[in-house]
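Visitor: Spelled out from the first residue to the last, the chains are:
2 protein chains.
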Amino acid sequence: MSTPLKVAVLGCGSVGSQVVRLLGEQADDLAARIGAPVELVGVAVRRLDAPREIEVPEGLLTTDAHALVTRPDVDLVIEVVGGIEPARSLILAALENGASVVTANKALLAEDGPTLYEAAEKAGRDLYYEAAVAGAIPILRPLRESLAGDRVTRVLGIVNGTTNFILDKMDSSGAGFAEALEEAQELGYAEADPTADVEGFDAAAKAAILASLAFHTRVTASDVHREGIADVTAADVASARDMDAVVKLLAICELRTTAAGEDAVAVRVHPAMIPRSHPLASVREAYNAVFVESEAAGQLMFYGPGAGGSPTASAVLGDLVTVARNRLAGTRGAGESAYADRAVLPMGETRTRYHVAIDVDDRAGVLAAVATAFAEHGVSIQTVRQEGRDDDAQLVVVSHEATDAQLSATVAHLREMDIVRDVTSVMRVEGENE
Amino acid sequence: MSTPLKVAVLGCGSVGSQVVRLLGEQADDLAARIGAPVELVGVAVRRLDAPREIEVPEGLLTTDAHALVTRPDVDLVIEVVGGIEPARSLILAALENGASVVTANKALLAEDGPTLYEAAEKAGRDLYYEAAVAGAIPILRPLRESLAGDRVTRVLGIVNGTTNFILDKMDSSGAGFAEALEEAQELGYAEADPTADVEGFDAAAKAAILASLAFHTRVTASDVHREGIADVTAADVASARDMDAVVKLLAICELRTTAAGEDAVAVRVHPAMIPRSHPLASVREAYNAVFVESEAAGQLMFYGPGAGGSPTASAVLGDLVTVARNRLAGTRGAGESAYADRAVLPMGETRTRYHVAIDVDDRAGVLAAVATAFAEHGVSIQTVRQEGRDDDAQLVVVSHEATDAQLSATVAHLREMDIVRDVTSVMRVEGENE
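Chains as they are written, first to last, in the numbering used here: chain A, 1 to 434; chain B, 1 to 434.
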C-alpha cells in the first residue's frame with residue numbers, strides 16, 4: 001500500500017467534527033477504497049479552546065489555517081468553514097499549493113465559483129463539492145456524470161430543510177408562518193436569525209449550483225430570482241389544500257426558449273403550489289429532494305437528509321475518496337463544464353402559472369370583468385372558482401402558462417379595479433406540465 | 001478537438017435503437033462533454049432485415065458482432081444484447097482488444113461478474129454498467145462513489161417494474177394476481193412469458209449487483225434467496241391494507257452479524273409488507289426506487305423509470321461519457337471493489353419479521369395455543385389481531401425479528417395444529433427498524 005495521503009480539515013463545527021470522527025472510524029475502509037491510507041495532519045479552528053462535539057488530538061488543532069493549507073506535504077484539503085472569506089482565500093491557496101480540495105461551501109460556489117474552478121483547472125487539481133447541495137443526497141455527481149449523455153430540461157428542488165419544515169408544519173397544523181418558524185427554532189431546525197433560510201438565500205445558492213451543472217452554463221447567485229416564504233400565509237396554504245396542492249419553497253432550474261428561439265436558462269427560488277400527487281409533495285419535515293426531468297431518462301427523484309453534520313460529512317468523504325483516487329492515479333475528474341454558455345432568461349420572460357385569490361364585490365359582471373383583466377394582459381385562465389357571497393365573495397383563478405411579467409401586470413391591474421376589494425393570495429403553480 | 005472515439009453498439013432492440021438515436025441527436029453535446037467527438041462505426045444485429053425503431057445507415061449494420069468488437073480501431077463497445085452468451089464472449093473479446101465497455105446486462109453481471117471485472121482489470125480498461133440496475137436511476141455510481149466514505153448498512157429496492165405494476169394494480173383494484181398479470185401483459189408491462197420478472201430472477205440479479213457494490217463483496221445471483229410474487233393473493237394484499245401496509249417485491253441487501261459476531265451480507269428477493277408511510281410504498285405502477293440506509297448519511301431514496309429503451313439508453317450514455325473521458329485522460333475509473341470479502345448469510349440465519357394469518361377454531365385457549373407455538377420456536381410476537389367468530393375466526397400475528405428458520409419452523413408447526421384450519425397468508429414485514 002502506498003504512503004499515506006495527508007489531509008487537512010478547515011473548520012471543526014457540526015460538519016467538520018463529523019468529518020474528523022469518520023476519518024478515524026472508517027480509516028480501514030477508506031484506505032481500502034482509496035488504495036492508500038489517509039492521515040489527518042491538521043484541523044484549523046478559530047479558537048483552540050472552543051467546545052466541540054469530538055475530541056481532536058491537541059497537536060492537530062491550529063488557528064493558522066493559511067499555514068496549514070500551504071504546508072508542502074498536504075495532499076487534500078477539506079473546507080467546511082463556510083462563508084466567503086477566509087474560505088475563498090484558503091481554497092485558492094490550497095489549490096495553488098498543489099492540494100486537491102473538497103468543500104461544502106454553497107455560498108462561495110454560488111457567488112464566485114468560476115474563480116475557484118479556474119484555479120483548480122490551472123493547478124490541475126480536483127475541486128469537488130457534492131455536500132454543497134442537499135447534504136447527503138448524491139445529486140451533483142448524478143447530474144454531472146450519470147446524466148452526461150442526456151439533455152436535462154428541468155430541475156425542481158426542495159433544497160432547504162428549514163423552510164420545508166416550516167411549510168410542512170403550516171400545512172399539517174394550519175399554523176401561520178410566525179408560529180411555525182418559532183416551532184422550527186425551538187426544535188433546532190431554524191437558526192435564531194433565520195434570514196438566510198427564510199428569505200431563500202440558501203436555496204438560491206444551491207439553485208445556482210444545480211443550474212450550472214444541469215445546463216453546462218455559468219450561473220451565479222445574482223442570476224437567481226429569489227423570493228422567500230415570510231409572506232406565505234395560512235390562507236395560502238389552505239387555498240393550496242382546496243386545490244389538492246401543497247406549498248413548497250422550490251428551487252427551479254429550467255431550459256427555456258427565448259423570444260429569439262435560443263435556448264436559455266431560467267433559475268428561480270420562490271414558494272409555489274404543487275399538486276399533492278407530485279413526488280415532491282410527500283417530502284416532509286426537514287428532508288430535501290431534487291426532482292430532475294430529462295429528455296431520455298424521464299423523471300428522476302433523489303431524496304434524503306439535506307443537512308446535518310453527519311449526512312454532510314458523508315458527502316464530503318465520498319468526494320474525498322474520489323479525489324484521493326484521482327490523485328493516486330495522477331489524474332483529475334471532470335472540471336467545470338460551461339461550454340453551452342446559455343443566456344439567463346430574466347424573470348419577467350420566464351413562463352409560469354399563477355394562482356390568484358381575489359376578494360370581490362358580489363355583483364353581476366364581476367367574473368367577466370376579472371376575466372377581461374386577465375385577457376388584456378394575454379393571460380389565459382385555466383380554472384375559476386367562486387366562493388362565498390355578498391361581503392365575503394372570493395374568486396380563485398388559476399392561469400395557464402404566461403410570462404411572469406404578464407402575470408404580475410395582471411395582478412397589478414386587478415388591485416386597481418373598483419370591484420376588487422383585495423388580492424389576498426398570489427402564488428405560482430408548478431409541477432404540472434401544460 | 002481530438003480525433004473521434006469510435007463506438008460499436010451490440011444489439012439494436014429497444015435499448016440499442018435509442019442508444020443509436022441519442023448518439024446522433026446529442027452528438028454535439030457528447031463531444032463537448034467528452035472532449036472529443038464520438039463516431040458510431042457499427043451496430044451488430046442478429047438479422048439485417050429485422051424491423052427496428054430507427055433507421056440505421058445500412059453500411060453500419062453487421063451480423064458479425066465478433067468481427068466488430070475486435071476491429072483494431074474500436075475504442076468503446078456498448079453491449080445491449082442481454083443474456084449470457086454471446087454477450088460474455090463479446091465483452092471479453094472487446095476488453096482483450098483494448099476497448100472500454102459499457103453494458104446493461106444484469107443477468108450476465110450477476111452470474112459471472114467477477115470474470116468480466118478481472119478481464120477489465122487485466123486489460124486496464126473500464127467496464128461500466130449503471131443501466132444494469134433500475135434503468136435510468138443513477139444508483140450504482142452513488143453507491144460506488146458518493147457513499148464511498150460511508151458505511152452502507154441496508155439497501156431496499158423496488159427494482160422490477162413488471163412486478164411493481166402487478167402488485168400496485170392488486171392494491172388499487174383488489175384484483176387477484178392472474179388478473180393483474182393479464183392487464184400488465186395487455187399494456188406491455190409484462191412479457192408473454194413473464195417468468196423472469198414474476199419469479200424474481202430479474203430482481204435477484206439486480207440485488208446481487210447492488211449488494212456487491214454496497215458491501216464491497218462478491219455476491220452472485222446464486223447467493224440471493226429468491227421468491228416471486230405468483231403466490232401473492234388478493235387476501236394478502238387486503239391483509240396488508242388492514243395493517244396500513246402495502247405488498248411490494250423487494251430486493252433486500254443487508255449488513256448483518258453472524259452468530260460468531262462477524263459482518264456478513266444477507267441478500268434476498270421476496271414479496272414483503274411495508275408500511276404505507278415508508279417512502280417506497282408510494283412507488284406506483286412500473287416505477288422503480290432504491291432506498292439506501294447508511295451510518296452517516298441516514299436514509300436516501302433514488303426514484304425513477306426502471307426500464308424502457310430511452311431511460312436505459314440515458315444511463316448507458318452517461319457511462320459512455322465517463323468511460324470516454326477516462327480513455328482520453330489515459331486513466332480508468334474504480335474497478336471492482338471486493339476487499340471486504342464478507343460471508344453471505346444463509347437465508348435461515350437472516351433475521352426478518354413475519355405476518356401470519358391463521359384460520360382457527362373459535363374456542364377458548366386458541367390464542368394461548370398459537371402464542372405457545374411461536375414461543376416454542378423462540379419467536380416473540382409483536383401484535384395479534386383476532387377477527388371474525390365461529391367458522392370464520394382468524395388470528396393475524398405479526399412477529400418481532402427472528403431468524404427465518406425459526407419463523408418458518410413456527411409456520412410449519414402451526415399448520416400441524418388441530419385448532420388451526422389453515423395458515424392463509426405468510427409474508428415477511430420490512431421497512432421498520434426494530
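Hints are computed from structural coordinates only; laboratory data are not their basis. Just to be clear, a hint being listed does not mean it is correct.
It does not matter which identical chain is used: a pair holds within one copy or between any two.
[As the list claims (entries may be wrong)] As a list, the in silico SDA-like pairs of lysine to any residue whose alpha-carbon atoms are at most 20 angstroms apart:
#	residue 1	residue 2
1	Lys6	Thr153
2	Lys6	Ser173
3	Lys122	Gly83
4	Lys6	Glu58
5	Lys6	Gly24
6	Lys6	Thr424
7	Lys122	Gly35
8	Lys122	Arg332
9	Lys6	Pro72
Visitor: For every hint, state whether the structure bears it out.
Guide: Hints and how they fare:
Taking CA atoms no more than 20 angstroms apart as the test, Lys6 paired with Thr153 passes in neither setting, with 40 angstroms inside one copy and 28 angstroms between copies. In this homomeric assembly, Lys6 and Ser173 never come within 20 angstroms of each other (Cα to Cα): the closest approach is 50 angstroms inside a single copy and 59 angstroms across copies. Proximity of Lys122 to Gly83 under the C-alpha cut-off of 20 angstroms is found in neither arrangement, the shortest distances being 23 angstroms within a copy and 46 angstroms between copies. For the identical chains of this complex, Lys6 and Glu58 are intra-copy neighbours only, at 17 angstroms inside a copy versus 56 angstroms across copies, given an alpha-carbon limit of 20 angstroms.
Taking the closest pair of Cα atoms, Lys6 and Gly24 come within 20 angstroms of each other only inside a single copy of the chain (13 angstroms); across copies the shortest separation is 45 angstroms, beyond that limit. With identical chains, the CA atoms of Lys6 and Thr424 are never at most 20 angstroms apart, being 59 angstroms at best within one copy and 61 angstroms at best between copies. Proximity of Lys122 to Gly35 under the C-alpha cut-off of 20 angstroms is restricted to the inter-copy arrangement: shortest distance 17 angstroms between copies versus 26 angstroms within a copy. For the homomeric pair Lys122 and Arg332, the shortest alpha-carbon distance inside one copy (12 angstroms) is at most 20 angstroms, but the shortest distance between copies (22 angstroms) is not.
Proximity of Lys6 and Pro72 under a CA criterion of 20 angstroms is satisfied intra-copy only: 10 angstroms inside one chain copy versus 42 angstroms between copies.
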